[in-house]
Amino acid sequence: MGIKVTIWSLTDKAPDSERKPLEPILKTENLWKLYHAGKVEVPALRGVNFDVLPGESVAVMGPSGCGKSSLLYVIGGLARASRGKVLVDGNDLTAMGDAERTKLRRSKIGFVFQRFNLLPTLTARGNIAIAQYIHGDGYDPHRFDVVTKMLGLEGRLHHRPSEMSGGEQQRVAIARAIINEPKILLADEPTGNLDTKNSDIVLEMLRRLNKDLGQTIVMITHNPEATTYCDRVVHMRDGIIVDGVPAD
Amino acid sequence: MMWQLVLRNLSHRPMRTLIGVMAVAVEVALVILIVGLTSGILQETAKRLEGIGADIMVQSPAAQMLITFSGSPMPIKIADKLAELKYVQAVAPALLQFNSTGGVETVWGIDAKSFRDVSSGFVFFQGHDFQGPDDILVDDWQAKAKHVKVGDTYHLFNHEWTVAGVVEHGKGARLFVPLATLQDLVGAHDKASIFLVKCTHPDHTEDVIAEIKDLLPNHPVRPLKEFMTLMTSTNIPGLQTFIDAMIALAVSIGLLVIFLTMYTTVLERTRDIGVLKSLGASKVLIVRALLAETTLLCVLGIAAGVGLSYLVRAGFLALFPTLSILITTEWVLRAGLIALVGAVLGASYPAWLASRKDPVEALSYD
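Going down the list, the sequences are from chains P and G.
For reference, each letter of the first sequence is one residue, going 49 to 296 in my numbering.
For reference, each letter of the second sequence is one residue, going 3 to 368 in my numbering.
So here's chain P without its partners, still in its complex pose (with noise of 0.2 Å):
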């Protein structure tokens, strides 16, 4: 694409990349998060260990059913751990309450799914802008500008949705995702939707958005091609991490 545009220069802000973390962006400790079917617990994380340092992209594997999208939404603020904790740039969500969890969402996280979760009564315009719109900072044109033309939306943004294909949906949602500048991006299944080409064009996307901007990242993913993308591979079963390796 060769765009050598940064959203991090708009902002007069050192990539976090070019930092050196002493500490984790990203923390969980013995994290647990219990569903009740009934009378029953069900757990569907059961002492999560986890960390993501600043500036990495972590696949996350594992089979249906091992909470790894518990994990997402839990440490994305979405759903309330049970025990343990999680950290989310120093932060303990474990602590915090709804209202809280909801703030801090606003300003450091970004969610991209595998459904895309555009509105479908807004064009690619207003989807991204609406997440402008929520953080508070209003409509910034430049910033809007850098972002779309990097997912290389700019002919698309009247469109509503339902004229877009999946790929061009996805490219808006991780638009929508990172228009804030969020500290961490969350992905759930982002090529579950897509061709072969369209996964492609969408982990290039996200490539880019970790090495060139360093943006830290954690995709949930059952495609394996999806997982040379990343720095690093986690995998789960049974609500527990049971390894972690680099990808190469």
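Calculated directly from the structure, the hints in this document are not laboratory data.
C-beta: ideal position from N, C-alpha, C; glycine also.
It is possible that part of the hints are untrue.
[As the list claims (entries may be wrong)] Label pairs and their calculated CB-CB ranges: (1) P:E202 to G:T297: 33 to 41 Å; (2) P:Y187 to G:A250: 40 to 48 Å; (3) P:V290 to G:V301: 55 to 63 Å; (4) P:S112 to G:D360: 37 to 45 Å; (5) G:M17 to P:E202: 48 to 56 Å; (6) G:E363 to P:S112: 15 to 23 Å; (7) P:K259 to G:E363: 53 to 61 Å.
[Claimed, not checked] Simulated coverage check for chain G against chain P, where a stretch passes if three residues somewhere in it have a Cβ under 8 Å from a Cβ of chain P: (8) 195–206; (9) 269–279; (10) 282–291.
Put chain G on the given structure of chain P with help from the hints.
Using the frame of chain P, we list chain G on its own:
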């Protein structure tokens, strides 16, 4: 951005939006028309009473209302006693009979001479005063509405009348018949429903009222020049309750439709709500978005309701030219406010539900 989202959401489901708008419109139109119809009839009646030219109206003790539609007859001899009072120039008895056949109207049985004495007479557009016992005088609005002219036969109270004259409106009633004939027809011999009193000078009105109250202690005695101010729904027993009940019914309909509309909206947008929450939208923001949508829908409904009110009024007046529907700015604003409050109340619970949705469950909603 908020309004862009609201507008897009409303235009996304045009039929649902239209139903919501129409529900509010009907609610607003009902309020405006019910109030307009009652106040229109009251004011028009008051104007007609004031227009008689008499100074005082004496009613029967049994007359509970400011306006007497029918009955409550008193001995006609009271007229002679009233005429003897100081400062009284003339007294005219009238027997009022309500008719609901072929329209809703109160027919006045009058004695032509005494009525002329208190009212300075009719202005005739056609014809002349009573010349026979079966003559009827019709005011110009009624003549136009019923397409009658002098010499025509007019059917009323199972009796055939001959239209003797078409008079200018605004003299108490729209139909006048000879007092004696009406007394015979309704079996109220030597009876009258009201007495109209003309004072020697308007300044003596209060003195005459005091005298009449001494003479007839239990009879309602009212100065006619104050009828416009007295003729309000709050002064008519039961009428205000009726209006309030109708308004409550209209508001309930609007509230329930808005509730249902917004409830289904929230159900349909469960996933979208999850998305907004994943982006960090607070509960307040989600409530605000839904209430803003309701407000806009309601404003459109209010505008449509005001338009509908004028349309219905035009239709009614075309069908019933003698009807009076008074649409006032005050009640247009009140109806709008009532609809808005009802709509916001109706949307509050769905909005609250939306704000409390679990984001994970919402995101997995199909």
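Hint check results:
Between P:E202 and G:T297 the beta carbon distance is about 35 Å. The supplied range of 33 to 41 Å therefore holds. Checking the proposed 40 to 48 Å range against P:Y187 and G:A250 shows it holds: the Cβ atoms sit about 44 Å from each other. Taking the beta carbon of each, P:V290 and G:V301 are about 58 Å apart, inside 55 to 63 Å as hinted. Distance hint check: the CB atoms of P:S112 and G:D360 are about 21 Å apart, inconsistent with the given range 37 to 45 Å.
Between G:M17 and P:E202 the beta carbon distance is about 35 Å. The supplied range of 48 to 56 Å is therefore violated. Taking 15 to 23 Å as the suggested C-beta distance range, the pair G:E363 and P:S112 conforms, at roughly 18 Å. At about 35 Å, the beta-carbon gap between P:K259 and G:E363 misses the expected band of 53 to 61 Å. Check result for the stretch 195–206 of chain G against chain P: violated, 0 residues qualifying (beta carbon to beta carbon below 8 Å, three or more required).
Counting residues of the stretch 269–279 of chain G whose C-beta lies closer than 8 Å to any C-beta of chain P gives 6; at least three are required, and the coverage claim holds. For the stretch 282–291 of chain G, the proposed coverage by chain P is satisfied: 5 residues have a C-beta within less than 8 Å of a C-beta in that chain, meeting the threshold of three.
Checked against the numbered hints given earlier, this structure breaks hints 4, 5, 7, 8; the rest are met.
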